[in-house]
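First to last, the protein sequences are chains F and L.
Residue numbering for the first sequence is 0 to 466, as defined by numbering that gives the first Met the number 0.
Residue numbering for the second sequence is 0 to 466, as defined by numbering that gives the first Met the number 0.
Where hints are given, some of them may not hold.
Treat identical chains as interchangeable: a pair holds within one or across any two.
Below, a list of computed lysine-lysine pairs in the DSS-like style, where the Cα atoms sit at most 27 Å apart [what the hints assert, rightly or not]:
id: 1; residue 1: K207; residue 2: K231
id: 2; residue 1: K206; residue 2: K181
id: 3; residue 1: K418; residue 2: K310
id: 4; residue 1: K57; residue 2: K358
id: 5; residue 1: K123; residue 2: K57
id: 6; residue 1: K126; residue 2: K215
id: 7; residue 1: K57; residue 2: K310
id: 8; residue 1: K257; residue 2: K126
It should be emphasised that the hints constitute simulated quantities derived from the structure, not laboratory data.
The residues making up each chain are set out below.
2 protein chains.
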Amino acid sequence: MDAAEFRRRGKEMVDLIADYLENIEQRPVYPDVEPGYLRSLIPEEAPEEPDTYEDVVKDIERVIMPGVTHWHSPYFYAYFPTANSFPAMLADMLSGAIGCIGFSWAASPACTELETVMMDWLGKMLKLPEDFIAGTHGQGGGVIQGTASEATLVALLAARSRAVRMILASDPQRPETGITSKLVAYSSDQAHCSVERAGMIAGVRMKKIPTEQSDKYAVQGETLRRMIQEDKAAGLIPFYVRTEHTHPLLQYSGNAEKIWMHIDAAYAGSSFICPEFRPLLNGIEFADSFNFNPHKWLLVNFDCSTMWVRKRSDLIGAFKMDPLYLKHDHQESGRYFYTDNSLFRSLKMWFVFRMYGLKGLQDYIRKHVELAKEFESLVRADQRFEISADVVLGLVCFRLKGSNEVNETLLKRINNGRKIHLVPCQLSGQFVLRFAVCARTTESRHIREAWRLITQLAEEVMQELPH
Amino acid sequence: MDAAEFRRRGKEMVDLIADYLENIEQRPVYPDVEPGYLRSLIPEEAPEEPDTYEDVVKDIERVIMPGVTHWHSPYFYAYFPTANSFPAMLADMLSGAIGCIGFSWAASPACTELETVMMDWLGKMLKLPEDFIAGTHGQGGGVIQGTASEATLVALLAARSRAVRMILASDPQRPETGITSKLVAYSSDQAHCSVERAGMIAGVRMKKIPTEQSDKYAVQGETLRRMIQEDKAAGLIPFYVRTEHTHPLLQYSGNAEKIWMHIDAAYAGSSFICPEFRPLLNGIEFADSFNFNPHKWLLVNFDCSTMWVRKRSDLIGAFKMDPLYLKHDHQESGRYFYTDNSLFRSLKMWFVFRMYGLKGLQDYIRKHVELAKEFESLVRADQRFEISADVVLGLVCFRLKGSNEVNETLLKRINNGRKIHLVPCQLSGQFVLRFAVCARTTESRHIREAWRLITQLAEEVMQELPH
Chain F
0 MDAAEFRRRG KEMVDLIADY LENIEQRPVY PDVEPGYLRS LIPEEAPEEP DTYEDVVKDI
60 ERVIMPGVTH WHSPYFYAYF PTANSFPAML ADMLSGAIGC IGFSWAASPA CTELETVMMD
120 WLGKMLKLPE DFIAGTHGQG GGVIQGTASE ATLVALLAAR SRAVRMILAS DPQRPETGIT
180 SKLVAYSSDQ AHCSVERAGM IAGVRMKKIP TEQSDKYAVQ GETLRRMIQE DKAAGLIPFY
240 VRTEHTHPLL QYSGNAEKIW MHIDAAYAGS SFICPEFRPL LNGIEFADSF NFNPHKWLLV
300 NFDCSTMWVR KRSDLIGAFK MDPLYLKHDH QESGRYFYTD NSLFRSLKMW FVFRMYGLKG
360 LQDYIRKHVE LAKEFESLVR ADQRFEISAD VVLGLVCFRL KGSNEVNETL LKRINNGRKI
420 HLVPCQLSGQ FVLRFAVCAR TTESRHIREA WRLITQLAEE VMQELPH
Chain L
0 MDAAEFRRRG KEMVDLIADY LENIEQRPVY PDVEPGYLRS LIPEEAPEEP DTYEDVVKDI
60 ERVIMPGVTH WHSPYFYAYF PTANSFPAML ADMLSGAIGC IGFSWAASPA CTELETVMMD
120 WLGKMLKLPE DFIAGTHGQG GGVIQGTASE ATLVALLAAR SRAVRMILAS DPQRPETGIT
180 SKLVAYSSDQ AHCSVERAGM IAGVRMKKIP TEQSDKYAVQ GETLRRMIQE DKAAGLIPFY
240 VRTEHTHPLL QYSGNAEKIW MHIDAAYAGS SFICPEFRPL LNGIEFADSF NFNPHKWLLV
300 NFDCSTMWVR KRSDLIGAFK MDPLYLKHDH QESGRYFYTD NSLFRSLKMW FVFRMYGLKG
360 LQDYIRKHVE LAKEFESLVR ADQRFEISAD VVLGLVCFRL KGSNEVNETL LKRINNGRKI
420 HLVPCQLSGQ FVLRFAVCAR TTESRHIREA WRLITQLAEE VMQELPH
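Isolated chain F, as found in the complex (with noise of 0.2 Å):
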């Protein structure tokens, strides 16, 4: 396929997208399909000549489409929301004809400096402490990362690295394998599976902090301070706290051990774009780094996720390699972030903070707030219904009063029914349903609908089951 020819295609493609964006309420929004349906469609290998392009794609309807989770239908409720927008579609498709991979600053010096740059921008837009800005002469910054949970590793091997330097600064006899087998990170129990599993990555003990219902659920300081003290007198290292929420810092301000504060508000930092969530993130002064995701909430396609630190040579220092290949005139370590995986990712961020403008980010944030609340008034007002946990954002924790089962057996229903798409979570040992507000065209009417057909299948759901 040659320049012209993609002229042809890439406009077609164009219309194909638009197409399916503008009617995608029309498909179930969960596929009816079966594992390995896929397989037996397509060849069992690559042809040896060409396919034609019209082949190509007409298997996207045959092949692709029903195997599909619709993630931008406005009945898509399920997970947390993944950000689809046109500015930031059409920024990706400038970024793939540039196809630069940004390892370095004279791999592409647009690319680094404007990533930057847009993290500045976003970092001002959330009015973070001046700290974590970069500028022309920040000791901090942003950087891209492609998910919250590589964020939270970043930062645990980060943390790991510092630590083992303070330690070995003042006990330089003392052996690395030693203080390493003593570090113990800590995150809340209601934290994703992810943070575990980093700690696995970085062979460190990661404790749970536990959690209360009547604390809504959020890490309390007291609780912090308690673990780590014992953990102390116990002869292990406290180094590295991950939580969602940055009240514990404001009450563990001081942090004389040096303990490294990272906050992951993956879906809420969005929201501190706008003054009266801002709040929300108070205590962030206290924090090392801070990460959230674009990618869910802000409008800027997957991936790019946001994270800022207060050293940037803290970051660097933990991975810093200097091979031949990548040394260049401009080496000057410290002033950018080392980025092994870039794109020009911040070439959507661009597009969108261009295109929507703080205010048009706002009055978005803010509708998905509301129409959370009308969700929750729906279910407020349905006396066999009850809220989970406090509604706050776009998320709605909401179950039938009486036993799991019945929750169970309503949530298979409404999957079943592929109309709306919803997973559940478990809070205090119970099975909740959660219905996040998801895609950028929901309206107040899918909202209404899905009402209707969650109230409609739990009447059948009761009729059968006993409660």
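With chain F's structure known, arrange chain L on it following the hints.
Chain L alone, transformed into the frame defined by chain F:
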């Protein structure tokens, strides 16, 4: 921006991309900017109100392009190729629109399934042993990673987990930290810096296997055997070998210690689809995992690093986490890989394999190898130069006979000219220029023009410097 505007802007972007790639060789391949150039060209904060799309597009030429290193210019000979093809870009557009996150089968079955089948297609193109093909009943199979560095780390972590499991099975009382501190991994002294970093991340000893110029810098099975014996005698536990070449495995077959053998053919791997280069992979039948980057030399845009393992359960077991919110009705552990970070990356493999066909891809590899041979002939015909390593595929390592200084000066002149772009490497203490055939559009005339420039600058340098 709504779908109607996206139809218009998307088509304009298709033309912008086609224009950029059709005229890319008229741009200086290496940018003439100083660090910090970009910050002064754009505002310090995101706009409150939206900018116009016209302004955003104007800024591509004003802000971005002056700082881009043009990896797809036919005058780009630095690092390694990174793939860029029209079919891959079309697939990426579709992938962005579907925008699903494939972290489980249910999160988008088509995403998981197409990846599995495309990895089989590619494995068959490479004539991988049957053990690495998933098929409908295989134990092995492939998964897409972001980079070869990531694959190296994933294999290392899976190997660590397997080693610890095996030792605990025979000695259940042994403390796990006591095992980890004895583990030792091996990699060539020629390996990419990311291998050392993988060892740092996993917290295990990583030893470099010395190589010799007389062995073409390839790891020798006998050297490896000796190191492993010595380490075992010293009470260490050898558990992982990562090499770029398979022939040490031929010499090391048997592997009574069950050491995990990982082959990383990041660049060379693409060539194995040609029967004449496939012998470079002989010995793969003794490997546990194999990885290469179609995003380098197989026309599949970044990122697409393909990794196969003999036993899927070794990977799944090392990382498995099963929270409730990822469970689904078709939970069949072991059937599919867990992928944390998956866009619909297999779509671009599918588009590329079908639009080129195996023959088209083979032609593409062969053309690049021929261009490298052409450059090699030009170097060999000039008495002032020497070839520094065998030219096997698309990379020519060469230098002026003489001091490192004269070669460093030559390279600086070349890159300051901005007409062509090369980076250096070090071989046995010598400063060597690397000439890598990279762009899809490179032709014989570009190679000859590059050589004309190099010899002209060499002439100047040799007149100025004593030699």
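Results of checking the hints against the structure:
1. K207 <-> K231: within (16 Å within a copy, 37 Å between copies)
2. K206 <-> K181: Classified as both; 13 Å inside a copy, 24 Å across copies.
3. K418 <-> K310: The answer is neither: 48 Å in one copy and 38 Å across copies each exceed 27 Å.
4. K57 <-> K358: between (41 Å within a copy, 23 Å between copies)
5. K123 <-> K57: Classified as between: cross-chain Cα gap 25 Å, same-chain 46 Å, threshold 27 Å.
6. K126 <-> K215: Only inside one copy: K126 and K215 sit 25 Å apart there, 55 Å across copies, limit 27 Å.
7. K57 <-> K310: neither (51 Å within a copy, 35 Å between copies)
8. K257 <-> K126: within (24 Å within a copy, 53 Å between copies)
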